[in-house]
Amino acid sequence: MEKTDYLNLYREMVIIRRLEESAAELYQKGKIGGFLHLYIGQEAVSAGIGSVRQPQDRLITAYRDHGWAISSGIDPKIVMAELLGKVDGCSDGKGGSMHMADVEKNFWGGHAIVGAHIPIATGLALGDVYLGNDDAITICMFGDGATNIGFFHEGLNLSKVWNLPVLWVCENNQYGMGTTVERASAVSEIRQKAEGYGMANERIDGMDVMQVREDVSRVLETIRKEGGPYLLEIMTYRYRGHSMGDPERYREKEEVKKWEENDPIGIFRLYLINEAIATDDELDEQDAQAESIVQEAVDFAESSPDPDKDALFDHIYAEPTPIEYRGYALEQESEGN
Amino acid sequence: MARITMREAISKALWEEMERDERVFIMGEEVGVWGGTYAVTKGFYDRFGEKRVRDTPIAEAAIIGGAIGAALTGSRPIAELMTINFAFVAMDHIVNEAAKLHYMFAGQFKLPLVIRAVSGGGRQLGATHSQTPDAIFAHFPGLKVVSPGTPADAKGLLKSAIRSDDPVLFIENATLYQSKGEVPDDLDYLEPIGKSKIQREGDDVTIVAYSKMVPAALEAAKQLADEGIEAEVVDLRSLRPLDMDPVIASFKRTNRAVIAEEGWRSYGVGSEVSARIYELAFDYVDAPVKRVAQAEVPLPYNAKLEQLALPQTEDIYHAVKEVIYG
Amino acid sequence: MAELVTMPKLGFDMAEGTLVRWVKAESDTVEKGEVLAEIETDKATVEVESSYAGVVYRHLASEGTALPVNAPIAIIADKGEEPSDDDIDALLGGAGSQVPEKKTVQEERPSEAEGTQAEEMAEPIEEKATSTTPVGGVRSSPLARRMAEDHGIPLAELDGSGPRGRIVKQDIENYLESIDAESVAEGTEAGGKELQPMTAYTMGEVPEDEVIAMSRLRQAISRRMQDSNQNFPHFYLTRVYKTGALMKLRKELNQLLPDEDKLSVNDFILKATALALRQYPNLNASIEDESHIRRHGHVNIGVAVAVEGGLMTVVCKDADQKPLRLIAREVREMAGRARDRKVKPEDIEGSTFSVSNLGMFGIDEFAAIINPPEAGILAVSAVQNVPAVEDGELVIASRMKATLSADHRVTDGAEAAEFIAVLAEFLEEPMRLLI
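Residue numbers (this note's numbering), protein chains in the order written: chain E, 1 to 337; chain Y, 1001 to 1326; chain P, 2001 to 2435.
Derived from the structure by calculation, the hints contain no laboratory data. In this text, all values refer to a predicted model and were calculated from it rather than measured experimentally. We put the beta carbon where it would ideally sit given N, CA and C, even for glycine. Don't take each hint at face value.
Taking lysine to any residue pairs in the SDA-like style, the calculated list, with each CA pair at most 25 Å apart, reads [claimed, not checked]: (1) Lys1252(Y) - Val2138(P); (2) Lys2251(P) - Asp1204(Y); (3) Lys2242(P) - Asp2180(P); (4) Lys94(E) - Asn1096(Y); (5) Lys1222(Y) - Glu1201(Y); (6) Lys2342(P) - Tyr1284(Y).
Partial list, computed: chain E residues near chain Y (C-beta under 10 Å) [unchecked claim]: (7) Ala101; (8) Trp162; (9) Asn163.
This is chain E alone, in the form it adopts within the complex:
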């Protein structure tokens, strides 16, 4: 990595942090509606994995997806616009916080139903194998809570039976909503579930972005060489609640504080300084840049317009199709794409 790459990686993590903080403020002002799941504390995971995956590798995740959107390369302006439901958002304002995607950047969303994207990830890998995209790996993120739902088992099992190139990544932030892993899972280490499928598995630290990069590069290499699915359990922590409005009765403030001492941004900053890759001032400058990028994003999103009311009927189908509107046939034609 060149120095600029390090600085960019650092700045990316700070952008994610600031973007999430701004989103929280906007939510409280009523400008973001619905659910808002913040990635604060987990930045090293998306930044790390995002920086080592190859362009042909497909990324898919669950609803805590703003960090992944940024790490996939989507402009923060567009991410913020989507959060505010504006037409300039990556999903034209029709997806919201949980449904960000950019298929041109090989980022397949952003999914709201717990675990439902897991069989879809199996399918993405299946598609690549079927079409002969031999070098592509599907990287599927999910939380500790999702490992207990049926979809997880069906998806993982099938990926192993058909030997599909999937990197299954569990972002274990210790809580499925308000329920700890011990109270929800039969095994204490998520990676153990892969044993049930005869699948290679590993547990790694997720607060150190350089460690994440090293470990994930290695595993991707293994999959590319040897084929087959692999389960990675990444230990991380979310500093805020499950989503906005979470009273966090399920954990102690002290616990959160302890993890905050291991702030991934702090850890990376220390690393860069200790390895003499960058100075405090340079990093402060990156901080300032990140802040202004996020502020620009907020300004952009606020001045972006709402989607036109006709957009209600766009994209229901890919092909031009008469659309039933309030029970009366043929009121509208779908645009088709």
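Here the structure of chain E is known, so what remains is to put chains Y and P in place on it, guided by the hints.
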């Protein structure tokens, strides 16, 4: 043109489309080595191999979810649900994912996906294997739901579904598999999704039906014709999008309608068609629209009871006599 | 710039109108040509369009008020404009006109706003009680109702063959055939209907006298008919017409025609009358002054249509020029509008001679009162199968009576009788109507 069964028509459509486009492949339970539990894919495994005719574990969510993912990459999977009764296990993927991904991501996600499923009762398979929940799936915008009543329509509609870039639920009926009809040989024979079809013309009453109820309606129409009553049979073919134009045009002439479906009456296809008739042709109504449907019971095992619960040709006949005050 | 909207003159004899409903509320924007309000006149309720674009600054009349023509009813201002009191005075032409304050929401609420929940509930329950009997007390399918309206058939006269006495399409079709029938009618009870038992006799309370307000329409009819009957010298001529050929021709022609153009007997009569009037222009005339008669260039036949609360005359213009099917269609459409109280001014103006047909009610003979300033009116009665003498033999034949009421200031008995004879030629040899 050839006189073949609906099973053969469906089989041919699958085979021809797989030969035509390499991106098309089939996945489902027992579709490969077994040849399909209804023998629809018999011979496919030998011809196309395990890459294109994929046997899956018993894991409907993975089958449909997997098909969705594969469709997103640009392949054109045809997922088979052994019966539509197993669709509930994959309900999330059918109605929450397949129906909505294109919309939620503003058109970025393309889903050229076909889900084939067998619906209907009448073979003593017990309540949980005998349902006709078609209306439930037709409820969701973003999904296309199609169900043929004749072999020709089965071939033409399935080809259209496979070539469509939208997710299509293609609902077959097991008791119709051996029904015979004239089917064009043309490799590009297509029937349009979202268009109803007049299967029989008449001026005295409009019978709206689809799938299994189409042959039943045609049979009832024959009996009525002997009494000088000419029924027009409109085959919906698509439940979503629903084409009411031929139904309304017919109703404006006949002023009476009977709607026949194999599912239950409450919240069924007939409810929707009936409501639209009143909305679009109120001044033409001479009698309340009558719905012929399954008795509101889980379908029992005993053969006689089962047939008692299912809608029959006579039910359509009697319903017509009621609406014409004859 | 603020503009004043006044009560428009919607008819040659409109003196005042009632503002039934404001379509645009205060503060609404309005485009030129958009409907501003609904105003009721003697004849009908008319949608009045705005001549100005802008914002409805103020209503100067409240819903339900009657005002003379040219009275101020609203002010339309430009968007954002706030006309001063002086501006408003100037618009209204000086002091003396009361300008109501801009209504606040509270004022609009009815004064008895303290209705309790229970009272509010009472209304729906009342409605429920009446809903067990169908609308108008007659059970019929929507289609049958529509067909009955189109043909002017009173539903209450029919028996329904459907469940619970529902009148259905077949019943209407049967009825139409029976009045067309040239075959021997056995029995005299209307079409062989069974005698319906009467409801049980009870000696009940005798209701009090009830005083009802006359609608504007009723008042207008009252004035005009009194005027006509008292002031113009009417004389009356009655004749029996042989209608066999007419009925046969009508049946044949209707097989060729779509529903909206189907011919009624009255359509033939309108055409025949119009053609006969061409030959007797004195009957297509009006008194111009004490020494002049104006013979009208157009032959515009007025057709009397029963509407709720009275009678309206819709006008088929140039009936002598129009083919039967066009007369049928126009009259059908205008009558529909009249019944829905959506009549257009041109529908009811310009009549030079009128026809009133009570045949559908089974009347054998009546005389109508002339609509001033016309000179005559033809009162048409039912087409019936009656005993008649033809070639010295007693036969059952189709006959219809019609009575001409004529204004003796403009014409005489002999002339009127000739007119009737010519009319008879057209009606009894109906092929003449087609050439």
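Structure versus earlier hints - violations, ascending order: 9
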